[in-house]
Amino acid sequence: MKKYFSALLLLNMIFILASTIIHQESISDTSILLTASREIDSFEENVANADTILKVTIGDMIQELETGGVPQTIYEATVLDVIKGNVSDTVNILQDGTRKKPFKDIPLFSKGETYLLVLKETKDVVIYNDTYWILDEYYISQNSAVDMFPKSSTDSVDIEEQISSEISNQAERKAKQLTFDAEVVDSEELLEKVEEEVRK
Amino acid sequence: MKKIKKKSLVAIAFLIAITLLNISSTLASTAIYGSEEKGYIVATHQLRDNRNTFDDSSLNSKNKSYVSHAVKVWKDSGTVTFKRSTSSPNKIVTGSNKDTSVVAVCTTNFSKTTGKISKFKITLIQNKMKHISDEKNKGTVAHEFGHSLGLLDLYESYNKNQLLYGIDSRKSIKPSKKDIIGAKYCTRK
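As they're listed, the protein sequences go chains A and B. Going by this note's numbering, the first sequence opens with residue 1, and the numbers climb by one from there. Going by this note's numbering, the second sequence opens with residue 1001, and the numbers climb by one from there.
Source of the hints: derived by calculation from the structure; they are not laboratory data. It cannot be assumed that every hint is accurate.
These stretches of chain A come out as covered by chain B in the derived footprint (C-beta under 8 Å, 3 or more residues) [said to hold, decoys possible]: (1) 33–42; (2) 101–108; (3) 117–130; (4) 140–152; (5) 172–182; (6) 191–199.
Derived pair list, reagent style PhoX-like, types lysine-lysine, alpha-carbon separation capped at 20 Å [stated by the list, open to error]: (7) B:K1160 x A:K100; (8) B:K1177 x A:K100; (9) A:K101 x B:K1091; (10) B:K1160 x B:K1174; (11) A:K104 x B:K1119; (12) B:K1112 x A:K104; (13) A:K123 x B:K1098; (14) A:K123 x B:K1091; (15) B:K1116 x A:K104; (16) A:K101 x B:K1119; (17) B:K1083 x B:K1064; (18) B:K1177 x B:K1138.
Even for Gly, the Cβ is constructed at its ideal location relative to N, Cα and C.
The shape of chain A in the complex, shown without the other chains (with noise of 0.2 Å):
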C-alpha cells in the first residue's frame, strides 16, 4: 500500500512538473498573426483570367519563401485533371503563408490533399519550373467542394450550397477551419460550371 501511494505522489509530481514546463513555453512563446487585405475577383473573373484551372492533389512542401513582403510556400502537386490549359504532370503551387506566419483567412494546404485550382502562372517567383499562385481555391473530398477564398455573394460561383447531411466530414472539417462562413457546394457541379465558364 505505501508503495502503491509513493508510485501515485510520483506521478503526480511527474504531472506536474510536465504542466509546469508546457505552461512555461507557452509564457515564453510570442504568436504571430498575420491578416491580409486581399484582392479577390468573381468566379467569372477569375476562370477568365487563369492561365490554367487544374484539379490536382498536394505534394510535398518544397520551400518556403520571406521576400518580397508576403510569406509564401511552394508546394509540388500531381495533376489529376486539367479545366484550362495545358500543363505537364506535376506543377509547383505558390499558396501565400508558411509554417511559422500562415495567414488567419486561408489555411496552408497538407499533402494528400485535393483541391481545384483557378492558377496564374509566377512572374516573380521562378526559381522552379511550371509554378502558378492562386487566383481561387476550392476543397475537394468525394462529392463536396469548399469555397476557400472570402467572397461577397454575387462574387461566388453560382451554384446552390449544399443541404448538410449531403457534406463530407473532411469537407465540413475544413470549412470549420476557415474564419468565415464558407460555401459548401457539390463538387461534380463545381467542375461542370468550371468547363462551362472556360468554353465562353
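Since the structure of chain A is already known, use the hints to place chain B on it.
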C-alpha cells in the same frame, strides 16, 4: 498510512489546481470578443496601450498620404491617436510581391498569455496597390491599422459598411460605429 493518504490528496489537489490554471491561461489566449452579428471581432483579448507610434519613414509621399488618412480617421473616431516616430518598433513598409492576391498585410506579434500586442508591421504590396484607386488604398491602409489594434476581418455581406470588412469591395474608408466599439475594447485600460 493516513499521513501518506493525506499527502497524496494534497498532491492531487495541487495537480488539479495547476491544470485549471493552465486551461484558463490557454482559454484566455484564444478568446474572441464580439461577432459577425455585432459587427466587430477582437482577437485573443489583444490589448493596446497609449504607445501607438509607428515608423513609415521608408514610404514614398503617396503611401504616406494613405497612412495620414488612416491616422486621421482613427483619431477622428475618438478611439486612438497614432503618432509618427522613427524609433517606433511598429513599421509600415512596402512589399514587392507580384504573385499573390494580397494587397496589404498586417503582422502582429502578441503575447499568448496576456494577449498584449508587442509590435506590428503593415506591409503595402506595391505591385497590387498601383492598380487600385487612391480611395480604395486609403480604405485598405485604415483597415490594416484596425488590425494593428487587434480587430479581425468580417466577411458577412451585411458588414460591408464596416471598415473591418475583409473583402476589398468594402464600402467604408473610415471606422464605422461598430468598428469603434471593437477598437474601444482593444484599447481599453
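Hint check results:
For the segment 33–42 of chain A, the stated coverage by chain B is satisfied: 8 residues place a CB nearer than 8 Å to a CB of that chain, which reaches the threshold of 3. Coverage of the segment 101–108 of chain A by chain B holds. Counting CB-CB distances below 8 Å, 4 residues qualify, and the rule asks for three or more. Counting residues of the segment 117–130 of chain A whose CB lies closer than 8 Å to any CB of chain B gives 5, which reaches the minimum of 3, so the coverage claim holds. Using a Cβ-Cβ cut-off of 8 Å, 4 residues of the segment 140–152 of chain A lie near chain B, which meets the minimum of three, so the contact claim holds.
Residues of the segment 172–182 of chain A lying with their CB closer than 8 Å to a CB of chain B number 3, which satisfies the three-residue condition for coverage. Restraint check on the segment 191–199 of chain A versus chain B: 0 residues with Cβ-Cβ distances below 8 Å, three needed, restraint violated. Between K1160 of chain B and K100 of chain A the CA atoms are separated by roughly 31 Å; this puts the pair beyond 20 Å, and the hint is violated. Pair hint K1177 of chain B plus K100 of chain A does not hold up; C-alpha atoms about 35 Å apart against a cutoff of 20 Å.
Between the alpha carbons of K101 of chain A and K1091 of chain B the distance comes to roughly 17 Å, so the proposed pair stays at or under 20 Å and holds. Taking the CA atoms of K1160 of chain B and K1174 of chain B, the gap is near 12 Å; set against the 20 Å cutoff, the hint holds. For a cut-off of 20 Å, the pair hint linking K104 of chain A to K1119 of chain B stands: about 17 Å separates their Cα positions. About 16 Å separates the Cα atoms of K1112 of chain B and K104 of chain A, which keeps this hinted pair within 20 Å; it holds.
Only pairs whose Cα atoms come within 20 Å are accepted, and K123 of chain A paired with K1098 of chain B is accepted, the gap being roughly 7 Å. The straight-line distance between the Cα atoms of K123 of chain A and K1091 of chain B is roughly 27 Å, outside the 20 Å bound, and the hint therefore fails. Distance restraint check for K1116 of chain B and K104 of chain A: the Cα-Cα separation of roughly 18 Å lies within the 20 Å cut-off, and the hinted pair is therefore satisfied. In summary, the hint linking K101 of chain A to K1119 of chain B is supported, as the alpha carbons are separated by about 15 Å, within the 20 Å threshold.
A C-alpha spacing of about 13 Å is found between K1083 of chain B and K1064 of chain B, which places the hinted pair at or below 20 Å, so the restraint holds. Restraint check for K1177 of chain B and K1138 of chain B: satisfied, since their Cα atoms lie roughly 18 Å apart, inside the 20 Å limit.
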